[in-house]
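Numbering-wise, this note's numbering puts 31 at position 31 of the sequence shown, and it's gapless, one number per residue.
Mixed in with the good hints there might be a few duds.
[What the hints assert, rightly or not] Calculated cross-link-like contacts (lysine-lysine; reagent style DSSO-like; alpha-carbon spacing at most 27 Å): (1) K310 to K104; (2) K310 to K85; (3) K206 to K216; (4) K126 to K90; (5) K23 to K33; (6) K33 to K54; (7) K90 to K102; (8) K102 to K206.
The set of hints was computed from the structure by calculation and includes no laboratory data.
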Amino acid sequence: SFLILILLYSQVQIAVLVNSWYKDFYNLLQNSKDYHDNSLEGIEKLYHYLISIKYITSGFQGEASFAVIVIPYIPIIAFTNWFTKLYALKWRQAMTFYYLPKWKRVENDIEGSSQRIQEDCFLWAKLLESLGLQFMRAIMMLIGFLPVLWTLSESVSIPFLGQQAGSLVWSSLLISLGGIFISFFVGWKLPGLHYNNQRVEAAFRKELVLAEDNKKNYAAEETIFSLFTGIRFNYKKLYLHYTYFDLWSSLYGQVMIIFPYVIVAPNLFTGLIQMGILIQISNAFGRVHDSFSVILDNWTSITELKSIWKRLHEFERAIKI
1 SFLILILLYS QVQIAVLVNS WYKDFYNLLQ NSKDYHDNSL EGIEKLYHYL
51 ISIKYITSGF QGEASFAVIV IPYIPIIAFT NWFTKLYALK WRQAMTFYYL
101 PKWKRVENDI EGSSQRIQED CFLWAKLLES LGLQFMRAIM MLIGFLPVLW
151 TLSESVSIPF LGQQAGSLVW SSLLISLGGI FISFFVGWKL PGLHYNNQRV
201 EAAFRKELVL AEDNKKNYAA EETIFSLFTG IRFNYKKLYL HYTYFDLWSS
251 LYGQVMIIFP YVIVAPNLFT GLIQMGILIQ ISNAFGRVHD SFSVILDNWT
301 SITELKSIWK RLHEFERAIK I
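When you get a sec, could you build the whole thing from the sequences and use the hints?
This is the structure:
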């Protein structure tokens, strides 16, 4: 866990450096007309910001290019993803061999017990791998970018908040909390539908497994049709509720693309900021907002995880853990 935190913190620090790089690079593009009389100098500066390795050859002095900043990011990302998958696999192994001996000592049959040991443990570890990594990355992003966004708030005046300290941070927080609040009601029924799905799928799968050894007494067409009717009915309800949620999620996502420009871009035309600051604010705002909205962005996975948690706790009570 500590190693994963260190890796995520390294990624965030690189993202903060890239955000700082945006300011000078986009200011250079905005002021490109100043180099019309000496285009060679302008092109040289352009490539210095993009691919120069002078920062390394000069003993890490001066300004780092984009290439120098992001090249370490690539192996860090790959190693983090690989190591996190191993971490989740180890978690699944621990859960499986914790449940197994206790389940074997229970005489009464437990509904879907094989599924709960095999599939639910697998899905629990898999979802925690994904969600855990995203939540920890979100926390690290907040640690890295909240000070940046708070400082950038001093450069702008935004509607309703003016030049209040941390105005960009408060704007991001308010719109994210509003999105989560609405999503909670739009997706209210999703966890229960996921839980029902696992039950009907388990019954269908059990009938097929029993039929592997005894096709004469199991998997009759009437039985299979009845079980699949339950699956079809539940999935139709699930898809319907996901349609409502997807409509809201898509609308919210499109609004958030333009929101930082709506509140900050007027400062570009009044001369308070240059293009570099606007892009820097947009990037930092997006990072902070994405961190605040990690629950909204992963609502589907969270509802699935909640249903798995419920099934595993039922299983634990049945085997008296």
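To see whether the hints hold, each was checked on the structure:
1. K310 to K104: 21 Å, holds
2. K310 to K85: Cα-Cα ~23 Å, so holds.
3. K206 to K216: 15 Å, holds
4. K126 to K90: At roughly 11 Å apart (the allowed maximum being 27 Å), K90 and K126 satisfy the hint.
5. K23 to K33: 17 Å, holds
6. K33 to K54: 25 Å, holds
7. K90 to K102: Holds, because 19 Å separates the two Cα atoms, which is no more than 27 Å.
8. K102 to K206: Roughly 21 Å between the alpha carbons, so the hint for K102 and K206 holds.
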